[in-house]
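Student: The chain contents come next:
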Amino acid sequence: MIDLQRDGDVFVLRLDAGENRFAPDFLGAFEDALGTVEESEGPAALVTVGTGKFYSNGLDLEWLGANPDRLEDYLRRVNGLYARLLSLPAPTVAAVNGHAFAGGGMLVLAHDFAVMRTDRGYFCLPEVDLGMSFTPGMGALIQARLPKASAHEAMITGRRYTAEQARRAGIVQHTAEQERVLPVATELAASLAAKDGAIVGKIRRDMYGPALEALRGPVLA
Amino acid sequence: MIDLQRDGDVFVLRLDAGENRFAPDFLGAFEDALGTVEESEGPAALVTVGTGKFYSNGLDLEWLGANPDRLEDYLRRVNGLYARLLSLPAPTVAAVNGHAFAGGGMLVLAHDFAVMRTDRGYFCLPEVDLGMSFTPGMGALIQARLPKASAHEAMITGRRYTAEQARRAGIVQHTAEQERVLPVATELAASLAAKDGAIVGKIRRDMYGPALEALRGPVLA
Amino acid sequence: MIDLQRDGDVFVLRLDAGENRFAPDFLGAFEDALGTVEESEGPAALVTVGTGKFYSNGLDLEWLGANPDRLEDYLRRVNGLYARLLSLPAPTVAAVNGHAFAGGGMLVLAHDFAVMRTDRGYFCLPEVDLGMSFTPGMGALIQARLPKASAHEAMITGRRYTAEQARRAGIVQHTAEQERVLPVATELAASLAAKDGAIVGKIRRDMYGPALEALRGPVLA
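Protein chains in written order, with the working numbering: chain A, 39 to 259; chain B, 39 to 259; chain C, 39 to 259.
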């Protein structure tokens, strides 16, 4: 479901569960993988990548439908994953091989940089069209990472962005053809892996202090 | 002075009082029109537009000069209008048919999107040249909506932006020839009118919580 | 070491101490020069410029190495210089004639606008590669002035930006050939000198209230 491999100094975390929705066991495997990266010694950077046409479609709405009483704990756990990635003591790059929707789009934004596939796949925050709003932490994450106009358009209209549109909107930093997404992301990560992870983590945690506080705070506003 | 018409799902609020300065009765009519939109049922979006060469020139300095003791209440009411527009449970588009100066420029920024006329008219925050500063709420609104460099330039230098300059500075999102400003704004609004207004309003209020708090707070810092 | 000349309405503050690192006497001379500008009467704007290939390389690490017990006071003083420049009751322009590294880069960001030399010189925040993080005030200054993506890249990767790269990243607003850097900066400053300094100062202090508070607060987080 989740596979963590080391390629030189770069950890490649492959999300391999179809739409890569955040089922509880998926979250558990993701958390374990981040733990491995956090505890590693020496130069390290992290790349995450999905499989097929999905990077991640975010919340597991089917599981939530069957477990409505666990909504609050579940959202806390998802927000906690974003916070942990944003706090990671290593550079991080998302290789956006396909759709990054809703919580999957926010997962992209919790990385330092993102490379997005050009021929297919959208970045989209469709919450407005699903009758959902954002937890305070999710809103803080999006607004801390996106240009104001892009956060506004993405959150208020639920627009679907192609890779090139996402790059122009400041959602991702790079685009690549399908077979180049992971290599480009890995090269970028490798170029940053020698940085002192403790310092990278501290600078990033300082930069995003308010967003991290919101991500660790109440999920129901 | 203010005319509210419904065109399919789109409410078109026409400001028709010359320079469209915020005289008390103008504000009253504007507030009433927003009330009508707020209480409407079914799909809805709002377009505002001025007449002739003015979108709005903002504060009614002549009235203020004659009523200096009412400055604080007056500024609270203007800030309240911005807050109400920013909180509106429906998508909003400003059709900037002409000059949008000072408080009229901030009115533009309280909409989701803006379409600006290309052949004439400026967006300008001339406060610095009028010996005025901004209320905390006005400053918060401008800084919450504009890219940092644009907020800085607009507020510190009082630069006049043409439509194309305003688009490049991230002040408006679209430009159009005179006769196309209102149609383009209306088409954009119509494309968003089917969104659940309650959700649009909640997402927007969550996004701009600190700006809304400032707009509803003290006007004299 | 520091030379302040008046050219019409424009004060030109030349930093002339090699790499223009912030030695205590350099800071004292800089503070005195700002005092002269603050106390001047009539139209005024400030241009700062370095000499040779350096605008400023920031903290005087050699002096700090010899005076480790004075770290906290020293950082407070540097942050205080940024705060004073950001509060200055006059428009300010940095003529970035050469390298602006670390604290020298932040000095650039404390000005209203910056003109950067095209043929050589980098803007760089190399803290991550020096094993350093940013004081809360420094982080707040950088994040208050740079687009989010640029602040992230500059702080997390320590990238060196040429003038053109810095302009595209929103770090500087203008670029010019070597011999034109100071003239362009001076012309820009002169065009703004007639603005009421008290108003410029108030608007800027209002805009950057949280950053100023951080710059005047604790340096060790």
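In case anyone wonders, no lab produced these hints; they're calculated from the structure. From the three backbone atoms N, C-alpha and C, an ideal C-beta is built for every residue, glycine too. Among these hints, one or two may not hold up.
What the hints assert, rightly or not - Have a look at the derived ranges for each label pair, beta carbon to beta carbon:
no.: 1; chain 1: A; residue 1: G247; chain 2: C; residue 2: G66; range: 31 to 41 angstroms
no.: 2; chain 1: A; residue 1: T74; chain 2: C; residue 2: P248; range: 45 to 55 angstroms
no.: 3; chain 1: A; residue 1: G255; chain 2: B; residue 2: G118; range: 21 to 31 angstroms
Claimed, not checked - Here chain C is said to cover these stretches of chain B; the calculated rule only asks that three of the stretch's residues, wherever they fall, bring their Cβ under 8 angstroms from a Cβ of chain C:
no.: 4; segment: 159 to 168
no.: 5; segment: 209 to 216
Unchecked claim - One side only, chain C facing chain B, incomplete, derived with CB under 10 angstroms:
no.: 6; residue: R108
no.: 7; residue: D111
no.: 8; residue: Y112
no.: 9; residue: R115
no.: 10; residue: L230
no.: 11; residue: K233
no.: 12; residue: A236
no.: 13; residue: I237
no.: 14; residue: V238
no.: 15; residue: R242
Student: Compare the structure with each hint and give your call.
Tutor: Outcome of the hint check:
1. A:G247 x C:G66: 31 to 41 angstroms: holds, 33 angstroms
2. A:T74 x C:P248: 45 to 55 angstroms: violated, 38 angstroms
3. A:G255 x B:G118: 21 to 31 angstroms: Between A:G255 and B:G118, where Cβ atoms are some 29 angstroms apart, the hint holds.
4. 159 to 168: holds (count 3)
5. 209 to 216: Violated - the segment 209 to 216 of chain B has 0 residues with a Cβ nearer than 8 angstroms to chain C, which falls short of three.
6. R108: violated, 34 angstroms
7. D111: Constraint on C:D111 not satisfied, violated at 31 angstroms.
8. Y112: Because about 29 angstroms separates C:Y112 from the closest Cβ in chain B, which is outside the 10 angstroms limit, the hint is violated.
9. R115: For C:R115, the interface hint is violated, since the closest Cβ of chain B sits about 25 angstroms away, which is over 10 angstroms.
10. L230: holds, 6 angstroms
11. K233: holds, 6 angstroms
12. A236: holds, 9 angstroms
13. I237: holds, 5 angstroms
14. V238: With a minimum Cβ separation of about 6 angstroms from chain B (threshold 10 angstroms), the hint on C:V238 holds.
15. R242: holds, 6 angstroms
In this structure, the hints that do not hold are numbers 2, 5, 6, 7, 8 and 9, in rising order.
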